[in-house]
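Use these hints to put chain F onto chain W, whose structure you have.
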Amino acid sequence: MRILGKATEIDFMGKRKIAMAFSTLLIVIAFASLIVRGLNFGIDFTGGTIIEVAYPDTADLAELRQVLADAGHPDAQVQHFGTSRDVLIRIAPQEGRNRAELSDEVLSALQAADPAVEKRRVEFVGPQVGEELTEQGGLAMLYALIGILIYVTLRFEYRFSLGAVAALVHDVIITLGVFSLAQVEFDLTVLAALLAVIGYSLNDTIVVFDRIRENFRRMRKGTPVSIMNASINQTLSRTLMTSLTTLLVLLALFFLGGEIIHAFALALIVGVFIGTYSSIFVAGSTALALGISKADLMPVQKEGAEEVDDRP
Amino acid sequence: MNQYPAWKYILIVVVMIFGFLYALPNLYEADPAVQVSAMRGELSDTVKGQIEARLSEKKIPVKSIEFDKRRLLVRFGNTEEQLAAADQIKDVLGPDYAVALNLAPSTPAWLQAINAQPMYLGLDLRGGVHFLMEVDMDAALQKALERYSSDLRTLLRKDKIRYLSIRPQAEVLQVKFRSAEDREKGRELIHGEFSDLELKDVNDGKAFALEIRVSESEVREIRKLALQQNITTLRNRVNELGVAEPVIQQQGDRRVVVQLPGVQDTVAAKRIIGATATLEYRAVDTEHDVEDAINGKVPAGSKLYKDRDGRYHLLKNRIIVTGDQIINARSGFDSQGGQPQVTVTLDGKGARKMLEFTKANVGKPMAVVFIENKSTTRMVDGNPEVVNRKVEEIISIATIRDVFSKRFQTTGLDSPQEAHELALLLRSGALAAPIRIIEERTIGPSLGADNIKQGFTSVVIGFVLVLVFMAVYYKVFGLVADLALAMNLVLIIAILSMLQATLTMPGIAGIVLTVGMAVDANVLIFERIREELRNGNTPQASIHAGYAKAFSTIADANVTTLIAAIVLFSFGSGPVKGFAVTLSIGILTSMFTAIMGTRAVINLAYGGRRLQRLPI
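Quick note, the sequences are listed as chains W and F, same order.
Per full-length UniProt numbering, the very first residue in the first sequence carries number 1; after that it's consecutive.
Per full-length UniProt numbering, the very first residue in the second sequence carries number 1; after that it's consecutive.
Bear in mind the hints are in silico, worked out from the structure with no lab data behind them.
Among the hints, erroneous ones may be present.
Listing some non-contacts, in silico: residues in chain W with all C-beta distances to chain F over 10 Å [what the hints assert, rightly or not]:
{"id": "1", "residue": "K15"}
{"id": "2", "residue": "R65"}
{"id": "3", "residue": "R159"}
Footprint (simulated), chain F over chain W, 3 or more residues, beta carbon under 8 Å [claimed, not checked]:
{"id": "4", "stretch": "123-137"}
{"id": "5", "stretch": "146-157"}
{"id": "6", "stretch": "236-242"}
Backbone N, C-alpha and C fix where the C-beta goes; we use that ideal spot for every residue, glycine too.
Just chain W, with the same shape it has in the complex (with noise of 0.2 Å):
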């Protein structure tokens, strides 16, 4: 079987305009999303308390609210989880209040409302702690584009470590516009996700580049422009294939994973569907606009040693 017939000879480098303001736009209305809507971040994140409780039978949140504001948490929010006899209620960090008490006190409010109600997941976190995460988070991944950027260029060249790093930050920023446009939650674990979309995509991205060295080193003719459509040409029935593997688990996990794990594989389906399109597109356009040749790639030193290469 086969996705794609014989060997295919699609354009790709000649649309890499319209793919490059494609990218742009993107990129534009992820930036506009984020400055305007900003992240829905979770508690992780802000600080704050999270009650995730369950009832028999389908809950109401009007008289929830109710039960909370007489409670003295009038600004508490209250949804539904999932499904509708799950409920989350989230409470921001008040002034003069016992913060570690304050999910017991709402827990008893809520059972002396309706003693059926069963206890799933309560969770506060300090604004501290939030603070220091997306300092981690944020430095995690700087350092992670550092050493991709160091290894990148001592393996191959240093136009196509610029070239995986741009797919990279432009697979993030429009992961993290799809999540401000959605406003859905962002939390630790989408957090994970995103870092493991930078894995991900890198992957797709390297075996792309692998193969436009290969090709540099063996074609004698061709413009840079045709070795590289050739070159993604020949990766494109892996990359679809890998893609859909991926995403074939990740659905898996987005259908039966549950609903904390939700946003989690949200992240990484968009983030394989922008990580594949940006390794076809924009990691090799980005290295050609930065005037790739061929003699930037012939094997300098020992890197020869590779065309007879034994192992396994």
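What follows is chain F alone, placed relative to chain W:
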């Protein structure tokens, strides 16, 4: 062509056997069990005998009893027997033992013998509470300064050097003298006794002051000790709660993580762990009038305190002994009058101080002050700000009847219950510095069970989808890849179990993702083989070239991802870290199984034969 040397086959077989052995414990379901440990000291055979006798008397069937000096574990067939037994055991042993419900892994002995154990389930999968606590280091330093000032007072007085005042300020201690001469003598004396203090002359108007600063290294030491002592104290308090396998760990240089699996009563847990309390023994100021003090004339060197009934007392500022010097405290009854009492044992330093104090103060009253730190958040300009409030309360005042040092009794308590509570507070030790909960996560048991179920289903479904897809798409080669994928999963679980990693929901997601991505290496290889075949190469040459050419691509792609994972591991925390671990392990195992593993199978199936075509 396409044949492996024997050692490669042997290596693969050996790795797979290890993988299966170490992944195996995860298949055994855990037994409901009751775990018993002593609050202090070791368990004796008598305890075991008592438990056995009671359980057989109540006809509760026991699956097995494991016993060593540290803990005793009784396994049961189901949770009802477990719950019934826990009540009986608690009843027969009394309050000096922690009796906790537990899920004990039922790994067979032969697997335990090679140290094979199941993965530890995270709180989000088994239910329980997670606290992250922060130690107030400024308070620890302040307390150290107070301790120094009382030591300096004693020292100067002993050598008869006259001073005006000793006052701890923000970060320094200020000692004022009458003359430059006194200051000179004082400095020499202090310098000789306390080498960790930095001394500086300051002229403050008429007075001759000496500014004393605690050295950098000493400050670090104070912080380190404060954290360590708080961890020990928390451990003792958690013991009182009777939780099986609690986690109490340092995180960073000022935080402590406390995880209590299976705990649902967070109110009780917080009351005991989060009781950010300290204790102090202080002398009662009998020379001055309390009424005057209430009206605003508080004498120097004393302070007003309330007791539990709201009555005021004047106490001296000088602390005799602090809670961290108490080694043990037990409640009991006075041998003569049968009154409830608490017997306290002090450490060496505390004993010396107590001896010194009681020698001079027989017949005078002494107070125990309970200090609790409560923290609240209030909004300042739209930003949350933490406010700490200190509540100080006298919990007992007793008259010193005799000179004592290391061991002494506190009587005059209202009820055995009060004696018990006082002993518990004293015994569990005071915190060296206040702590506050800055993060709390509670997962209910039903959510934990749901998480396990959903995580498991999604792994199975995702996995099967990929298997089917690969087999259809690459035929026989796809089946070989499927085999490698299964092996990969086994190896990941085996390595995680060997590392005794904690399995959490994001961890499961990481495994699922690795499974999805693990096929990548095989896809790369198989696509290359197809390409070679398309270019008109023979099947054998295509297999060879396919593996050879794909290798450098796979290596490059995986090394870059590995770099990202390692960076995430070093800078991330919590779920990010866990995710990085699963990702790194997944990359390494998938390289092994997808490159070496599949090649071995394909070599066995097709190697060294003349082939017309390949089923790919």
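Original post:
What are the numbers of the hints the structure violates, in ascending order?
Top reply: none
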